[in-house]
Structure formats: C-alpha cells, structure tokens
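Peer 1: Starting from the structure of chain D, add chain C where the hints point.
The primary structure of each chain is shown beneath.
Number of protein chains: 2
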Amino acid sequence: MPEQNTDGMTAKKSENFDDWYTQVILKAEVADYSPVSGCLVFRPSGYSMWENIQRVTDAGFKKLGVTNTYFPLFIPERLLRKEAEHVEGFAPEVAWVGEAGNSKLDERLAIRPTSETIMYEVVKNWIRSWRDLPMRLNQWNNVVRWEFKHPTPFLRSREFLWNEGHSIFASREEAEAERDQILGVYKMVTEEYMALPGYLGKKTDSGKFAGAEATYSIEHVLPDGKSIQGPDFHLDGQKFSKAFDIAFVDKEGKRDYAYQNTWAISTREIGVMLAVHGDDRGAVVPPKLAQYQVVIVPIVNEETKTDVLVAARGLEAELSKLFRTLLDDRDHLTPGRKFNEWELKGIPLRVELGPRDLKSGQVVLVRRDTGEKRPVKAADALEEVEAELEDIHHNLFRKASEALAKNTREASTLEDLQKIIKESGGIVRIPWCGRKSCEDILRQKGGGKILNIPLGQEKPDATCVSCGEPAESVVNYGKSY
Amino acid sequence: MPEQNTDGMTAKKSENFDDWYTQVILKAEVADYSPVSGCLVFRPSGYSMWENIQRVTDAGFKKLGVTNTYFPLFIPERLLRKEAEHVEGFAPEVAWVGEAGNSKLDERLAIRPTSETIMYEVVKNWIRSWRDLPMRLNQWNNVVRWEFKHPTPFLRSREFLWNEGHSIFASREEAEAERDQILGVYKMVTEEYMALPGYLGKKTDSGKFAGAEATYSIEHVLPDGKSIQGPDFHLDGQKFSKAFDIAFVDKEGKRDYAYQNTWAISTREIGVMLAVHGDDRGAVVPPKLAQYQVVIVPIVNEETKTDVLVAARGLEAELSKLFRTLLDDRDHLTPGRKFNEWELKGIPLRVELGPRDLKSGQVVLVRRDTGEKRPVKAADALEEVEAELEDIHHNLFRKASEALAKNTREASTLEDLQKIIKESGGIVRIPWCGRKSCEDILRQKGGGKILNIPLGQEKPDATCVSCGEPAESVVNYGKSY
Chain D
1 MPEQNTDGMT
11 AKKSENFDDW
21 YTQVILKAEV
31 ADYSPVSGCL
41 VFRPSGYSMW
51 ENIQRVTDAG
61 FKKLGVTNTY
71 FPLFIPERLL
81 RKEAEHVEGF
91 APEVAWVGEA
101 GNSKLDERLA
111 IRPTSETIMY
121 EVVKNWIRSW
131 RDLPMRLNQW
141 NNVVRWEFKH
151 PTPFLRSREF
161 LWNEGHSIFA
171 SREEAEAERD
181 QILGVYKMVT
191 EEYMALPGYL
201 GKKTDSGKFA
211 GAEATYSIEH
221 VLPDGKSIQG
231 PDFHLDGQKF
241 SKAFDIAFVD
251 KEGKRDYAYQ
261 NTWAISTREI
271 GVMLAVHGDD
281 RGAVVPPKLA
291 QYQVVIVPIV
301 NEETKTDVLV
311 AARGLEAELS
321 KLFRTLLDDR
331 DHLTPGRKFN
341 EWELKGIPLR
351 VELGPRDLKS
361 GQVVLVRRDT
371 GEKRPVKAAD
381 ALEEVEAELE
391 DIHHNLFRKA
401 SEALAKNTRE
411 ASTLEDLQKI
421 IKESGGIVRI
431 PWCGRKSCED
441 ILRQKGGGKI
451 LNIPLGQEKP
461 DATCVSCGEP
471 AESVVNYGKS
481 Y
Chain C
1 MPEQNTDGMT
11 AKKSENFDDW
21 YTQVILKAEV
31 ADYSPVSGCL
41 VFRPSGYSMW
51 ENIQRVTDAG
61 FKKLGVTNTY
71 FPLFIPERLL
81 RKEAEHVEGF
91 APEVAWVGEA
101 GNSKLDERLA
111 IRPTSETIMY
121 EVVKNWIRSW
131 RDLPMRLNQW
141 NNVVRWEFKH
151 PTPFLRSREF
161 LWNEGHSIFA
171 SREEAEAERD
181 QILGVYKMVT
191 EEYMALPGYL
201 GKKTDSGKFA
211 GAEATYSIEH
221 VLPDGKSIQG
231 PDFHLDGQKF
241 SKAFDIAFVD
251 KEGKRDYAYQ
261 NTWAISTREI
271 GVMLAVHGDD
281 RGAVVPPKLA
291 QYQVVIVPIV
301 NEETKTDVLV
311 AARGLEAELS
321 KLFRTLLDDR
331 DHLTPGRKFN
341 EWELKGIPLR
351 VELGPRDLKS
361 GQVVLVRRDT
371 GEKRPVKAAD
381 ALEEVEAELE
391 DIHHNLFRKA
401 SEALAKNTRE
411 ASTLEDLQKI
421 IKESGGIVRI
431 PWCGRKSCED
441 ILRQKGGGKI
451 LNIPLGQEKP
461 DATCVSCGEP
471 AESVVNYGKS
481 Y
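Sequences listed follow chains D and C, in order. Residues in the first sequence are numbered consecutively from 1, following the numbering used here. Residues in the second sequence are numbered consecutively from 1, following the numbering used here.
Looking at chain D on its own, in the form it has when it is part of the complex (with noise of 0.2 Å):
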C-alpha cells in the first residue's frame, strides 16, 4: 500500500528535506509514483495546479498574439540530426520507438524531447515573405527527456508537461524584443499566481539550450539550499532557420533566413512551489493554484445538526461565487481529522462554522499559512476570505522572497565561495571575468555552477575569483539540483 493522507508527517523539512518533499507529494495526494520508472502520476489536485498554470499562462501568450498548435509527438531520426548542437544536446536522452504493432519501423522515431526539429520542418512551408512574419506559435504538450540520474517527483520527471513557445520573427530585433515579454509573463506567473520569486539572468554559454545563442533563465532556491532552473527562454539566431531552411522574402525582395525564438514553462515549477512553501505540517499551496481554496468545516452535535449544516451549505453557495469552495459534510470524522487532512493537503483557508458561531452570527477563519485564527461577521465572510486569500498569497511571496534573500550571499575569493557552497549552499553571487576556462575551474573547484548573469548590470569594480582579473560581470552560483 502507498502512504495515505491518513497518516500525517513524519519527515521535518528542516532536518531531511529530500524525505520531507517526497511526503508532501505522496501525502497531500499531489502526485503518486507510477509503474514507470521516473514517470509521474499527477492527481487532480496536482493538475489543477497545472491547470491553472496553463491559464494564466495562455492568457498572457494569446494577448501578445501568440496562437496554439499541435505538433506529432514523434520526430524521425533524420529530423533531429540536423541541427548539430541540438541533436548533441538531446540524443544521449532520447526515448526511441523502434516497432509498431508487429512490425519493425524502417527509421527509429525519437519521442520528442523538445519539438523544435519537427515543427521546424513543416513551419517553414508556411512562410513565403515578410508578410507571413512574425509567426509566434506555442504548444502545451507533453515530453520525454530519459534522465539516468536519479528522478524526483516533478523536479526531474522522464515525461513532463509544458508549454514550447516558438516565435518565428522577420528580424534580429523584433525577435530579440520578445524576449521580455514572455519573461514578463513567467514572471507574472511565478510571482502572482506560485508566490515564487527568483533570479532572472542570461545563462553562460556552456549552460545555455542546445542550439541556441542565448538562454535566459529565472532561477530559484529550494529549501536544500540547491537551486534549479524554472522558466526559459532561448535567443536561437538564425541556427534552426539556416539548418531547416526557414527563409522568407523581405520588403527589398531580398531572400533572408528568418530570426527564432523558443520558450518554456514546465510542471517542474509545481515542485518547486510545493518545496518552497510547504512545512511540517504538509503542502501549503497558494490561493491563486489551489484545486479548493476554502475548506468548510461545520462542528456539529446532534442537536445542532441540521442547523448547522444548512448554514454551512449556505455559506458554500455564497463562497462558490468567487472561489473554489469545497464542504467537508462527511460525518464519520471529526473536526479535527478534517482540520489535520486539509492542513495537510494545503488548502489555503479553513471556515470552521459551530453552534455557537451560528448563534453570533460568525464564521471562524483559519489560515493555513499561518495558522492565525480569526473570528469574523457571516454576513461579511465573502469579503473577508477574499481579503484573507489575498494576503495569504502576498505573505507566502515575502517570506518567500525574504528566505531568498537570506540564502544569497556574497563571495569574493574562490575560498569564500566554497566554504559558503559547503555550509549553506543557496545563491553565491561573485564576480567572473566572462572566460569559459575560469567557469570550468569554478565548476570543478566552487562545489557548484555558473547558473546566470543578472541583466542590466554595469561592469563591477572587482576581480574575477578564479584569476583575477577584471570581472566582466557578477553572476549567481550554485549547486544545482
């Protein structure tokens, strides 16, 4: 049998996280394993997370012009060798189907692991002139990355859910001008709807997307002090569109190859968001992504029953109207089995609603993040939880934010960097002359990586910790997950 919701925590998050946040998955009922190896169940309250996501997400493409696709989920072989980088980058973790039915196939077909090589190759026969341009489609799907490391739930998954993005401009500019929008609508979804803040900043070459020119990323910190990488979104130049023949005529006449771009948002960022803000007693999921946002628990005697219950269901009917409410009416638990299961599984505010509330004319409200109770007008309790909810979201983003920052340190000697790696891990920001021998030495001696270089900075007034010399750039260090 699985670990149920019955039985409560039993891992600190402070003391073993690894055991802590594989509770929270399993006992929250997020997620479950399942008989493949390193692919994960996702349980409707993990995909309503999902599914939230998408919309926001979606919303924020479709508003910049952004439309919808479907590409297959298989890429023939030849395909995916075109572009060189790409295929290096992804072959060592291709999953291959190699027979149908009875029948051997006369070409493996990769399981796409990112679909650039099969959209490519049909895109470009829609595009004649600059006219057709700029062409900016997305897709959510699923993909198969075959890891051989260890899989956690969600953080590294075989199969993944995302949305690929790919925007198809007549010039480098226009195509360079997305690149903060959609970082603008990640960033409005990982801080207004998951309360996760982290560092935007353009990965080093080495750490970049295979095939790309450049890779932006927003980074965050678990718990562990490991960071992981969230969002991205890739600068690909000319290289696909020079490999796969994306060409168009421009206003002169002139034949050119068109300027790509490509980017992600993954369910990784649901695991991310469950580390971060959870605690010893379970998930603690924001408002905004949670699959019920407001739990009733009526307190109930036979005398008082029936009362109560109508009210309770009345309470329902009103709260429904803006949130997604949801009754515990079942009557072989008690109050405080309800209280421990919900508190567990992370819904964001409990309305507790007795006799004796009823009598006054009030509701109880208990907030999951803090566990605050507050007594508050039944008339009023709409505009109370809303309130509620909203804080509670913006109280998960600061403390959020502020661990964040207590985890990002400063390092001027290669010594201070490892000592902090070592012992506490999280963000070390040091400076970097922009050499790749010197990112090699820091990936072989700091304890960790080279994850991004904040946009916007000026030139700093240091040395770079591995030579010497003048630093290019301060960038954020870490041991990744």
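Treat the hints with care, as some may be off.
One copy or two, it doesn't matter: identical chains are merged, so the pair holds either way.
To be verified - EDC-like, lysine to aspartate or glutamate: derived pairs with alpha carbons at most 20 Å apart: (1) LYS124 x GLU174; (2) LYS149 x ASP106; (3) LYS338 x GLU173; (4) LYS63 x GLU316; (5) LYS406 x ASP416; (6) LYS13 x ASP280; (7) LYS63 x GLU51; (8) LYS62 x GLU316; (9) LYS104 x ASP279; (10) LYS82 x ASP416; (11) LYS373 x GLU15; (12) LYS338 x GLU458; (13) LYS373 x GLU386; (14) LYS321 x ASP331; (15) LYS251 x ASP331; (16) LYS254 x GLU77; (17) LYS251 x ASP329; (18) LYS288 x GLU386.
Keep in mind that the hints were calculated from the coordinates and are not lab data.
Peer 2: Structure of chain C alone, referenced to chain D:
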C-alpha cells in the same frame, strides 16, 4: 511546396469527396501533413477548434464532479497484457519504445493507445472503502494507435488527441446511471457547438471496446455516405477491476470489486465537422468553434482610407466585446482576394465596410453558410452579428440533420440492403434477430456492418433481414470509415 491558401479549391465535394476533403483541410490551413506518416499537424485554426471543444466538454464534465488528472504516456508491456481482451484489441496497433539514449530497456514500453492499464494499476491504491467512491477521473492527452490502413487527416490518424474519462463506482446501478450524463455532454457538444447530428445507440458485442461489457456510440454520416463513429461511452462492469484488483470495502464491511466506465471524444470530430459542413468554396466552420467568428473587411480607396479604417477599428473594438473578431487591414490585397481567402477558411460571418456604408451609417453582413448579404445599421452591429451567428449555427445543424435524414433509409431484405449500400451508402435501418451469426452474414454480404442499436426501442414487428426469424431490434447499418 504544400498547397497554400492562395490557391482556391479545385475539387468538388459531390464529385470527388476524398480530394475535396484533403483540399479543405490543407487549403483552409486547418492542418498540415507531417514528416511522420499518419501523424497530423494542427495549425492554429484547427487547434483552436479543439480548444473550444475541450473547453465546453471539460466544463460539462466538471459540472458532473469529474476531475482531471495526468498519467504517464508509457505503459510497461506486462501491464498492457493484464486484461486479455484489452491487449488483444490494442496490441496490433501499439508503438513500442525499446531504447532510451544508447541503452536497451529491460522491458518494452507501449505508447498508450488508451490508459486503462496504466491508470488502474495506480488508482487501485487510492481506494479503500465505499467512502472513496465514486471516483470520476479524466485526462486530456495524446494517444497513439499505429493503424496500418490508409491514414486520413483527423478521421484516421496514428496519433490523436482526446479525453479519456475513467470513473469508478461502488455499484452497477451508479455506474450505469452515468451513461446518460456523459452521453448528454457529448450530445450537447456535438449538436450545440459542432452543429453535428448523429445516431446514438449501443454497439453490438463484436463492435464494443476491447475490454468493455457494453459500448454506446454516436454515429455520424459523412457526405460520401460512409458512417463514422463519434464520441463513445463504455460500461466496463468489473472486467478491469477484477484484472487490476480495484476493490473496496462496502457499507456492510464486505470486500467487492468496483464498477467502471470509460468514455472519450477525440479530434476525429473536427474532421467530421469539416466534412459535413464544408462546400465547394472551402471550409464552413460553426460559429462557436471558429478561431475567428467575424472578419471585418474594409473597402477603401486612397481618398476614404483614413475614415473607413478608423470606423473599421471602432467596429473591431465593438464586436470584440462578444466575438473573436479579426480586422483584415492588409493593404496589398484587394477586397475580392480577402473575401475568397476568408471563405476558403470558413469564417462564419464577414462584415464589409466601405465609404458608402460609412455615409449611410451601415455595415454589410455576409454569411459564409448561405452567401446572403444584408446591410444593417452600424449602431446595431453587435446585436445583428450575435443574431446572425446564432442563425448560422442553427442553419448548419438543420442542414446537416436534413442530410442525415435523407441519407437514412430502411430495408427489410438483404437484397434491398445490398442495393442501398452499393448505390447510395448512408445509414440503413434493418431489423436484426440479435444473433452474432446473422451479424457476421450481414457484414460479409451487406457491404457494411451493424453500427449500433438505437436505445429505448420496443421489439419490432419485423423479421431479421438475414435469417427471417423474428427481429429483436431495428439497427443502424452502414459502411464504416
């Protein structure tokens, strides 16, 4: 180069349906071929139809208490083999993953042709007692069935998108009561959104889903007289619950196996819709499913250009309040070229606005379904467009229903049946004794097969067209796609 929208239709629907259908799909830019034989690319117009179908179907499911989940794409071979009839039905069409990276896998993984086996192996652990039931789960995902017959875009694709509903009940009665709820959602979506009529009925034992006790389907008829199965619903009884040990403790404390149902609507429905409604000028898309419901085409000359475009933008803002509206202000194309393009693409309603219209305070509505032109007061545009779109939907459904009725005939002898199927196709209503031996004869000799058995009928006063014995029921017979 593939066929582009700049070329109009050349095939006639009544003369060469297959060519016409392919032209509509490609030239209206609904879908495109892909480098993987039998796998389709959904272009923005086609995918937005699916988004609209998903949205209303999903809302219908959620109202019934169904929640969404996600299970892995892969099914280990041993699991797929757990229910004998099920694997027998699907194994010949399964795409198998045998390698990942450079490693051969220990066990082959099936790409899901449907998810019963991977789901039930996990879900059984989520159920202990009757209190955990009903559990009504759904997935929106991609599945692969490697058919070796000639693939046709949407109608027979090796990869397709669908919903797969999987519900689990404590009693046969509850499970059976779900049938009309789910088929009600499918009927609502097909009729009220896709403007598609069909015949609901129960499949014969040889036509049912591999592993089900009974299958119910909506059968459509294409303009070429061939029938095609639409959404379906399966009563699985205890077949899977016994194979996968999905058991629960009932109210009396006894252990019993659960009762299960499964149900699906797929992207095939988009193909049926395009085939049924389109005409010799291209696609005709029902208003509720169209990516754009209204296109505004300004008619300008150099003098009046500014005024007309300002008015057109105002109209766009007004109509966008309620409708997916596109303003076609491209200045290198004549209005005539634009008319042709949007007719080819099937936008339900065109609004023309020229200098004379501006003067007289009117706009001209042109319906895609009838070609009818009607000037209306510019001030009433929003209400007029709303009424017109509503009427277009009803007209499409009425026309499709009339065509279906016209394509439905009766036969009381095998000779009549053979003649009708050969000469006109469509649905033939025939009395049948209910025996498999006669069903086999009808399949061998009739030129088609029994599609389904209409529900709620009384025993007819007629004899089986095959054996001449008293008939059990009148059934829908046709040549299936």
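Peer 1: Indicate, hint by hint, whether the structure satisfies it.
Peer 2: To see whether the hints hold, each was checked on the structure:
no.	hint	result
1	LYS124 x GLU174	within (19 Å within a copy, 52 Å between copies)
2	LYS149 x ASP106	between (31 Å within a copy, 17 Å between copies)
3	LYS338 x GLU173	neither (56 Å within a copy, 30 Å between copies)
4	LYS63 x GLU316	between (34 Å within a copy, 16 Å between copies)
5	LYS406 x ASP416	within (17 Å within a copy, 84 Å between copies)
6	LYS13 x ASP280	within (6 Å within a copy, 66 Å between copies)
7	LYS63 x GLU51	both (18 Å within a copy, 16 Å between copies)
8	LYS62 x GLU316	between (33 Å within a copy, 17 Å between copies)
9	LYS104 x ASP279	neither (51 Å within a copy, 41 Å between copies)
10	LYS82 x ASP416	neither (44 Å within a copy, 58 Å between copies)
11	LYS373 x GLU15	neither (28 Å within a copy, 74 Å between copies)
12	LYS338 x GLU458	neither (54 Å within a copy, 51 Å between copies)
13	LYS373 x GLU386	within (16 Å within a copy, 50 Å between copies)
14	LYS321 x ASP331	neither (25 Å within a copy, 47 Å between copies)
15	LYS251 x ASP331	between (72 Å within a copy, 14 Å between copies)
16	LYS254 x GLU77	neither (33 Å within a copy, 54 Å between copies)
17	LYS251 x ASP329	between (67 Å within a copy, 18 Å between copies)
18	LYS288 x GLU386	within (11 Å within a copy, 33 Å between copies)
In the structure shown, a violation is registered for the earlier hints numbered 3, 9, 10, 11, 12, 14, 16, in ascending order.
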